[in-house]
Amino acid sequence: VQYTPTHPGKGIIRVSKSGINLPGSPWDIFISPAMDIKCQVSGRGLQGGSILEPSVITLKVLDAHDKPAELTPEALRVVIQGPLEVLPEITIPEKGIFNISYWPTKTGTYTIQMY
12 VQYTPTHPGK GIIRVSKSGI NLPGSPWDIF ISPAMDIKCQ VSGRGLQGGS ILEPSVITLK
72 VLDAHDKPAE LTPEALRVVI QGPLEVLPEI TIPEKGIFNI SYWPTKTGTY TIQMY
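Position one of the sequence shown corresponds to residue 12 (my numbering), numbered consecutively onward.
Don't read these hints as lab results, they were simulated from the structure.
It is possible that some hints are incorrect.
Derived DSSO-like pairs: lysine-lysine, alpha-carbon spacing no greater than 30 Å straight-line [unchecked claim]: (1) K28 / K49; (2) K21 / K78; (3) K78 / K106; (4) K71 / K28; (5) K49 / K106; (6) K71 / K106; (7) K21 / K117; (8) K117 / K78; (9) K71 / K49.
When you get a sec, could you build the whole thing from the sequences and use the hints?
Below, the structure written as structure tokens:
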């Protein structure tokens, strides 16, 4: 099931089967207003790396006025899939800049998703 909110604010999500709520349902949610942002991605971590050595990607996030966006590390979700699970480390060295570091532990192709 997918749902795309149409406006910001508080809401409730109910999931049921045959009229009976699933465990934990309903859930209170808050939809944040959409942000008009631009992203630039760079770094050697996009092209390859070496086992057990850090691969680094830099994500620059600008607001609608081309100023660095004010975001926290929790605002960015990074998923790295490959032959083995890789957990990224996210730091913000300055406003609007995210450094994403990861350490591959096995040779292979890795897919990086940022959202």
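Consistency of the hints with the structure:
| no. | hint | result |
| --- | --- | --- |
| 1 | K28 / K49 | violated (40 Å) |
| 2 | K21 / K78 | holds (29 Å) |
| 3 | K78 / K106 | holds (9 Å) |
| 4 | K71 / K28 | violated (43 Å) |
| 5 | K49 / K106 | holds (14 Å) |
| 6 | K71 / K106 | holds (9 Å) |
| 7 | K21 / K117 | violated (43 Å) |
| 8 | K117 / K78 | violated (38 Å) |
| 9 | K71 / K49 | holds (8 Å) |
Of the hints listed earlier, those the structure fails to meet are numbers 1, 4, 7, 8, in rising order.
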